[in-house]
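Knowing the structure of chain A, use the given hints to seat chains B and C on it.
For the record, the sequence lines run as chains A, B and C. Quick note on numbering: the working numbering labels position 238 of the first sequence as 238, and the sequence is numbered without any gaps. In the working numbering, each number is its position in the second sequence, counted from 1, plus 266. In the working numbering, each number is its position in the third sequence, counted from 1, plus 579.
By construction, these hints were calculated from the structure, which means they are not laboratory data.
Below are the DMTMM-like pairs computed for lysine to aspartate or glutamate, each with C-alpha atoms no more than 25 angstroms apart in a straight line:
hint: 1; chain 1: A; residue 1: Lys144; chain 2: B; residue 2: Asp438
hint: 2; chain 1: A; residue 1: Lys142; chain 2: A; residue 2: Glu105
hint: 3; chain 1: A; residue 1: Lys121; chain 2: B; residue 2: Glu439
hint: 4; chain 1: C; residue 1: Lys770; chain 2: C; residue 2: Asp790
hint: 5; chain 1: B; residue 1: Lys501; chain 2: C; residue 2: Asp688
hint: 6; chain 1: A; residue 1: Lys121; chain 2: B; residue 2: Asp438
hint: 7; chain 1: A; residue 1: Lys91; chain 2: A; residue 2: Glu43
hint: 8; chain 1: A; residue 1: Lys161; chain 2: B; residue 2: Asp438
hint: 9; chain 1: A; residue 1: Lys242; chain 2: A; residue 2: Glu190
hint: 10; chain 1: C; residue 1: Lys685; chain 2: B; residue 2: Asp568
hint: 11; chain 1: A; residue 1: Lys144; chain 2: B; residue 2: Glu424
hint: 12; chain 1: A; residue 1: Lys142; chain 2: B; residue 2: Asp568
hint: 13; chain 1: C; residue 1: Lys685; chain 2: A; residue 2: Glu105
hint: 14; chain 1: C; residue 1: Lys866; chain 2: B; residue 2: Asp384
hint: 15; chain 1: A; residue 1: Lys142; chain 2: B; residue 2: Asp438
hint: 16; chain 1: C; residue 1: Lys685; chain 2: B; residue 2: Asp438
hint: 17; chain 1: A; residue 1: Lys82; chain 2: B; residue 2: Asp438
hint: 18; chain 1: A; residue 1: Lys144; chain 2: B; residue 2: Glu439
hint: 19; chain 1: B; residue 1: Lys501; chain 2: A; residue 2: Glu105
hint: 20; chain 1: B; residue 1: Lys501; chain 2: A; residue 2: Glu138
hint: 21; chain 1: A; residue 1: Lys91; chain 2: A; residue 2: Glu147
hint: 22; chain 1: A; residue 1: Lys91; chain 2: B; residue 2: Asp438
hint: 23; chain 1: A; residue 1: Lys161; chain 2: B; residue 2: Asp568
hint: 24; chain 1: A; residue 1: Lys76; chain 2: A; residue 2: Glu43
hint: 25; chain 1: A; residue 1: Lys79; chain 2: A; residue 2: Glu43
hint: 26; chain 1: A; residue 1: Lys161; chain 2: A; residue 2: Glu138
hint: 27; chain 1: C; residue 1: Lys767; chain 2: C; residue 2: Asp790
hint: 28; chain 1: A; residue 1: Lys142; chain 2: A; residue 2: Glu182
All values derive from a computational prediction rather than experimental measurement.
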Amino acid sequence: MTPQTTNNLAFNASPILEAKYLTRSFGGLVAVNKVSFVVNNNEIFGLIGPNGAGKTTLFNLITGLIQPSSGQLIYKGDKIIKLRPHQIAAKGIARTFQNIRLFGELSALENVIIGRHIHIKSGVFNGVLNIPPAPIEELKTKHKALELLDLVGLSDRAFEKAQNLSYGDQRRLEIARALALEPQIILLDEPAAGMNPNEKQYLSTFIRQICTQFNLTIILIEHHVPLVMGLCDRIAVLNFGKLIALGNPAEVRSDPAVIEAYLGAE
Amino acid sequence: MAGFFATYGNLIVLMVLGAMLGLSLYLPLMTGQLSLASPGFYALGGYIAAILSTKVFITNSSLFPIPLLLLEMLIAGAVCGLLGILVGIPALRLRGIYLAIATIAFVEVLRVISLNLDITGGAVGIFGIPQPFQTAIEYLWIAVPLLIISMFFLYRLERIRVGRAFAAIREDELAADAMGINPTYYKVLAFTLGAILAGIVGAISAHFLNTWNARQGTFDASIIYLTFVLIGGSKTFLGPVLGGMVFTALPEMLRAIADPEITGLQLPTAIAQFLQDGRLIIFGLLIVIGTIFFPQGLVTPDLFKRRRVRNNK
Amino acid sequence: MDITLFLQQFLNGLSIGSAYAIFALGYTLIFSILGIINFAHGAIFTLGAYFTYALIGGAFGFSGLLANAALPVQLPFALALILGSTLAGFVGVAVERFAFRPLRRKGSDSLLTVVSSLGVAVVIVNVIQYLVGAESYTFPANIYGNLPASFNFGTVEKPVPIRSIQVVIFCVSVTILTILTYLINRTKYGKAMQAVAEDSTTASLLGINSDRFIVWTFFISSFIAGLAGSLVGSSVSIRPTFGIEFGLKGLAVIVLGGLGSIPGAVLGGFVIGLVEAFVPADYSGYKDAVAFGILFMMLLIRPQGLLGRRFVQKV
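Chain A extracted, bound-state conformation (with noise of 0.2 angstroms):
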């Protein structure tokens, strides 16, 4: 294990995203508690931790689905906080949902194509009128929203009914759906879930290609420990709102508090 290596390039890469004394507290709970931590420019960062840890929690609050009761976040030299999802999509934040949340009633491709919304310039009247640029760019869009359906091999479903897609297959399309946003991070949460260790396997190697293909950072929250530990530069754990550890796979590992947390939680 060469733990320095990780490290240099953590001192040497750009932060791209920062999470100062982030908190949030539901009623008397708090599900996130005083965390801080910096993730750099085209890294993939674990996030794991017991049920219940936060996790979740922290993605809302990257993404503005809630808002921090205190604490800071900074994207690209950025304030965040008190932006709305939309306006966090936009910036270029995207992400996935544990429990999958694609237009369900919608095709695949469209739900990829949902995903350009941003990128999509024309408005009502160009739009129904089909005067250009619209015809030029609905064109494009559908192109490279087939394209990433391609990605994520799911080209031959792209017209069935997202909620008719197999399990594995919806999780790949929210991944598309995601990258069609161009984002320069992307949350996942739980990609692996429900997966056969085949799947998983494929998946890591996926997320590792579209970081390095679409220059993404990517932030992950993962159950399955081995996948973690293979895929991400950095692991942040969590255990009860608070960040016990934070570093590579070999050092966080090796962490008493996250031994303890984990053998605690069992």
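Frame of chain A; chains B and C shown alone:
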């Protein structure tokens, strides 16, 4: 043919207007928002036309000039659109049944106000609204193009960015938000488009019906338009168009069936009388049966897809 | 404002408010276990009034299928009231059975159930109209037997007369409120109902038969609607649609109090009754708009209502 139009001219115009009222309720529903505000805007649009044509645009000609009618429609649409934005921004923070109730309250408040103002003629309403046409059927010259434009607009809308944003919000507002779609903006847009359409239809109706009063914008009307959409089908614009036409014609059809002079059938008196006087009972039963057995409505998008697939093979 | 006039308006407001309260409770009971607004509730309110009117031997008019018909019996008002309300209760059960349960079985969208209840309302209102016509009927003046026309709640010098019917409405409503509070807080039915309202899955795991409780809830809420309809109807007059208007007011009441909140429905009923009573005479035309104005404002400021719990969406 001339005889047919003479007998059913009225009904045909009402069917076309009904189709558009269905569409006015369908528009907010495209974003998943159940708004029952259409009758309010419909009544307002009618009052605007009634007041303008009886108090402002006084002409000597025997027929009311069509350009003025078009101007009234424009004004009614604009006023209803503005009110739609004003009401929509606060109201559309509400969801589901809360929004439905808020819009019912909106319609009721407008109704009571119109009952009490002098300019709207109080409880009696406004009479003698001038006619732009010689016969009822000629109203189709205005109504049919408007319906075609509305349908074309919706047909295209469902295929472009705005329509897809509507659908995304309907399917999952939170996910749509996370995909960069501003839910408030699109919900208010859909609501306002519905308000504009209802207002324009109101302006035509006021002339067509010759009188206008507070009974035009009631809770009952909300239910009827809702039926147009939900029984017709709420997933494609063809649903409310069909629903609006069929359900506007239904009471008349039942009356016609009961009339032996039209069908040549001599139905037992009790049944014939029930078809005539009890047609609203049948209407209500159809709503209940429709929701149970046709939850998607009569016209669904899948209907077309399946046919398309078959044609391809 | 003159103190006697104030008192009079206040007491009248309490009386109509109590009727709003018990009527709205019916909405609330059904909303808390099914999560839907039952728009047929207002129609059942009307139906109860017609049942009671028929049972006291009231005659029907010229139009409609049953023109000039009247029952051979003339029951005393109290008995007719209970019997009429019971019949309304049974209609409520039938509505549940034929218009709501099939949708529940299919797991349909709650919006469809709302539409179905609207359909039921249309059917009931028009069946009434078909049978006995659209004209309005007034209850005979002597239904309260030996009660005077009004009670004086002031002194001899400064009288505060309140119509007897208003006093009766208030007394019956408060009795109903007391019985219901007891039913809900103290009995097995009430506990079970609360359990179903909290979480129907858990409730069924606890061995509570949801269907049976839903049927009971429909019976009770429709019984009360019938009762309220008969009482309010006897103080004004009855038409096929009068319950629909009252039903819309009831909506304002439950939203004001907080959807699904039982104390909220009661509080909302009294608030709207009192506010309406104090609308100045010059603006009486706007009286009907007051409830909806309050409702609209309330929804914008505090959608969960005065006593409702805030609904949190799970991400």
